[in-house]
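Novice: Chains as they are written, first to last, in the working numbering: chain A, 76 to 492; chain B, 76 to 492.
These are computed hints drawn from the structure, not numbers from a lab. Some clues are possibly wrong.
To be verified - Capping the alpha-carbon separation at 20 angstroms, the derived lysine to aspartate or glutamate pairs in DMTMM-like fashion look like this:
{"id": "1", "chain 1": "B", "residue 1": "LYS466", "chain 2": "B", "residue 2": "GLU287"}
{"id": "2", "chain 1": "B", "residue 1": "LYS342", "chain 2": "A", "residue 2": "ASP451"}
{"id": "3", "chain 1": "A", "residue 1": "LYS97", "chain 2": "B", "residue 2": "ASP322"}
The lines below spell out each chain.
Protein chains: 2
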Amino acid sequence: MVKVGIIGLGTVGEAVVKNLEKNREIIKARAGKEIKVIKGVIREPNKYTHLNIPLSTDYKDVTRNPEIDIVVELIGGVDKAFEIVSDALKHKKAVVTANKALLAYHRFELQKLASTPFEYEASVAGGIPVIKALRDGLSANHILEIKGIINGTCNYILSEMKKGRDYKEVLKEAQEKGYAEADPTFDVGGFDAAHKLLILASIAYNIDAKPEDILIEGIENINLTDIEFAKEFGYEIKLLGIAKKRDSEIELRVHPTLIKQQEMISKVEGVMNAVSVIGDVVGETMYYGPGAGGDATASAVISDIVEIARGNSNPMLGFKIPLEIEKCTLIKPDNIVSKYYLRIAVKDELGVLEKIAHILAQNNISIESFLQKPRDGYVKLLFSTHKAVEKDIKKAIKTIEKLNFVIKPINYIRIEE
Amino acid sequence: MVKVGIIGLGTVGEAVVKNLEKNREIIKARAGKEIKVIKGVIREPNKYTHLNIPLSTDYKDVTRNPEIDIVVELIGGVDKAFEIVSDALKHKKAVVTANKALLAYHRFELQKLASTPFEYEASVAGGIPVIKALRDGLSANHILEIKGIINGTCNYILSEMKKGRDYKEVLKEAQEKGYAEADPTFDVGGFDAAHKLLILASIAYNIDAKPEDILIEGIENINLTDIEFAKEFGYEIKLLGIAKKRDSEIELRVHPTLIKQQEMISKVEGVMNAVSVIGDVVGETMYYGPGAGGDATASAVISDIVEIARGNSNPMLGFKIPLEIEKCTLIKPDNIVSKYYLRIAVKDELGVLEKIAHILAQNNISIESFLQKPRDGYVKLLFSTHKAVEKDIKKAIKTIEKLNFVIKPINYIRIEE
Numbered sequence: 076m077v078k079v080g081i082i083g084l085g086t087v088g089e090a091v092v093k094n095l096e097k098n099r100e101i102i103k104a105r106a107g108k109e110i111k112v113i114k115g116v117i118r119e120p121n122k123y124t125h126l127n128i129p130l131s132t133d134y135k136d137v138t139r140n141p142e143i144d145i146v147v148e149l150i151g152g153v154d155k156a157f158e159i160v161s162d163a164l165k166h167k168k169a170v171v172t173a174n175k176a177l178l179a180y181h182r183f184e185l186q187k188l189a190s191t192p193f194e195y196e197a198s199v200a201g202g203i204p205v206i207k208a209l210r211d212g213l214s215a216n217h218i219l220e221i222k223g224i225i226n227g228t229c230n231y232i233l234s235e236m237k238k239g240r241d242y243k244e245v246l247k248e249a250q251e252k253g254y255a256e257a258d259p260t261f262d263v264g265g266f267d268a269a270h271k272l273l274i275l276a277s278i279a280y281n282i283d284a285k286p287e288d289i290l291i292e293g294i295e296n297i298n299l300t301d302i303e304f305a306k307e308f309g310y311e312i313k314l315l316g317i318a319k320k321r322d323s324e325i326e327l328r329v330h331p332t333l334i335k336q337q338e339m340i341s342k343v344e345g346v347m348n349a350v351s352v353i354g355d356v357v358g359e360t361m362y363y364g365p366g367a368g369g370d371a372t373a374s375a376v377i378s379d380i381v382e383i384a385r386g387n388s389n390p391m392l393g394f395k396i397p398l399e400i401e402k403c404t405l406i407k408p409d410n411i412v413s414k415y416y417l418r419i420a421v422k423d424e425l426g427v428l429e430k431i432a433h434i435l436a437q438n439n440i441s442i443e444s445f446l447q448k449p450r451d452g453y454v455k456l457l458f459s460t461h462k463a464v465e466k467d468i469k470k471a472i473k474t475i476e477k478l479n480f481v482i483k484p485i486n487y488i489r490i491e492e
Numbered sequence: 076m077v078k079v080g081i082i083g084l085g086t087v088g089e090a091v092v093k094n095l096e097k098n099r100e101i102i103k104a105r106a107g108k109e110i111k112v113i114k115g116v117i118r119e120p121n122k123y124t125h126l127n128i129p130l131s132t133d134y135k136d137v138t139r140n141p142e143i144d145i146v147v148e149l150i151g152g153v154d155k156a157f158e159i160v161s162d163a164l165k166h167k168k169a170v171v172t173a174n175k176a177l178l179a180y181h182r183f184e185l186q187k188l189a190s191t192p193f194e195y196e197a198s199v200a201g202g203i204p205v206i207k208a209l210r211d212g213l214s215a216n217h218i219l220e221i222k223g224i225i226n227g228t229c230n231y232i233l234s235e236m237k238k239g240r241d242y243k244e245v246l247k248e249a250q251e252k253g254y255a256e257a258d259p260t261f262d263v264g265g266f267d268a269a270h271k272l273l274i275l276a277s278i279a280y281n282i283d284a285k286p287e288d289i290l291i292e293g294i295e296n297i298n299l300t301d302i303e304f305a306k307e308f309g310y311e312i313k314l315l316g317i318a319k320k321r322d323s324e325i326e327l328r329v330h331p332t333l334i335k336q337q338e339m340i341s342k343v344e345g346v347m348n349a350v351s352v353i354g355d356v357v358g359e360t361m362y363y364g365p366g367a368g369g370d371a372t373a374s375a376v377i378s379d380i381v382e383i384a385r386g387n388s389n390p391m392l393g394f395k396i397p398l399e400i401e402k403c404t405l406i407k408p409d410n411i412v413s414k415y416y417l418r419i420a421v422k423d424e425l426g427v428l429e430k431i432a433h434i435l436a437q438n439n440i441s442i443e444s445f446l447q448k449p450r451d452g453y454v455k456l457l458f459s460t461h462k463a464v465e466k467d468i469k470k471a472i473k474t475i476e477k478l479n480f481v482i483k484p485i486n487y488i489r490i491e492e
């Protein structure tokens, strides 16, 4: 029998207990062993008496409990969770966590500390077994690229905006439906997706980066003009987490992205998640499913427990043994190379286009397509560019914004092809 | 070091050798051990001298070689492969195979024989790690349903027919492009997909069925009228392998299927494969990627070798230990329940619709939607039905075909919703 202690009995914790019980027989058959939750740790002692497991308010009753084999951490957040997981690993417990924030900041310290199995399938894309796909299913491949729709809130909002609905209206509805928090910044600002991207990138490239090191932009500035442009040129707008390998350098970035409608990942609608991975041997594979919710997340947590019960042994992050030949470094956000879409509102004057085109050319930016939309009293100029360097685009935008016929601010979206 | 012998050095075998060499460092880092091919077995001794490995024409030089840890079987076909894999297992070798036909017929005998690891990721959906997803990623779930686009040839032909192109014309082109064999029956008749479906179903349900036991229909009778109907009612036509659980009974079937355009799996175009799995805990997840090709298949074969090198231990088919409470039985093809689309060509006479509707009602079939298309000299009646039983539909069709105003044969497509 494998004995489990769960720290944190919120939506996910409860769902783990419930589904371990509900599917007890089949999980035992698949794992080869019975799996039993013998202790839960909670903050408020009176709240969880409906769960039929012994409870405690002290995490050490789990992390230092000689009877317990696997510690499941489900409290979320960074500091306290780090304390708990570190304590569990020091006491030679196997650990399962769903905590993306913990891993975004401390995954390399935890990897160092872990002499026992450490699993975290639920930390990225909820119920989709994408961690296992990357670590096990694609182990023959150099990973060339990862593109993920890994924040359901953003994908829901962008999907609804395609119907012609306004950002603020949709956000409000998402909050009412429980898809978005009262303070939505963590989701719509791209930070949640960044945490998950860092985890995926560490598996693929063994690269140590913090959220602060990478480019993160949210969907707050997307408006209906952008949606209209996207339609006109055959794109969808998605918030993507992107990891790309260029020689031994890695690009990591989270931002709204224009992707061609033929791409499978552009067809993912609503709150669903998907991660597309390009490997040098297999080509593109994609993993699709629910990225959040108690049951979906519990499915991933339990699959980790089963893996540990089976005695399976996988590297926690990139490699089981150090890869000497290939030490990847992070590309600075300013040096990212992408195609761009620019939305520039200008007063309807003579010579406007010429001046803007001149500044773009001066900054090594060449135009791929151009659309001009008249509006009440002003004109919208919509450009897409060929590949350009991030810092050149930023400099060009700054220069153009100084022109007196330009109505600030200029908005831009990166294009992925 | 893990020592590998490969039996069969065709497209996939060569790609395995090539990619193990090309990605040697990263595979070693991920596996925790070096992986080396020390022997290849071929039929014609002079054909493969460009591969830098010792060759033999006797498979026993691999299956009974005391130096070899893992035997990789890539010759395809049933009888000879069964002999080879059995011999390897009897000599306590771990086995990796990409051979779906072998597994469709002998997977339960091989499971019984296997006291060593037995992996077969490449046997279903090429490079997509869907076997691992089912066995490991979704281990917390009762699998309620599997729907797979698991034959690229059929999906390519159906995708092209959507552009208004004729079946025969597209098939010819597919043959020229190498997507379809000179005798295409195995692909377009649904048999290849059936082999793969049986493998997936054994993992999900531990159910022992042979291709002969299940309903298999190909895409040969799909025509442009059906494509037109599908468009009109918001469907795509896909050849699906379907496994469904109804209490402790399992439906297994392969046939062209009308699926709603909103379903993610209906958006899979061209030669690509995808498998959608519905679990009782996680809901729907889907796995997408290349279903064939030397490199894609090699990616899966190598990932299996890595799993074995890591010492991971997973049940070969359904369960590591027998699941006493749940013994699944196969539903007979005649008792399958589905919605149906019927295409009936009739002479333009009075009372035709009434007579057909009467026969449908007599057989417990109720009409959901109806479309009438005039053609030169005759009329096409297109029905979709509510859920009905397979044998009732067959009986109704037989009865309707006897009416003298009906131009035979009547065609039907099952609808999945």
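Novice: For B/LYS466 and B/GLU287, compute the direct alpha-carbon distance and say whether it is at most 20 angstroms.
Specialist: The hint holds at about 18 angstroms.
Novice: Would the hint linking B/LYS342 and A/ASP451 be met if the CA-CA limit is 20 angstroms?
Specialist: violated (39 angstroms)
Novice: Hint check: A/LYS97 vs B/ASP322, CA-CA at most 20 angstroms. Holds or violated?
Specialist: It holds: about 15 angstroms lies between the C-alpha atoms, which stays within 20 angstroms.
Checked against the numbered hints given earlier, this structure breaks only hint 2.
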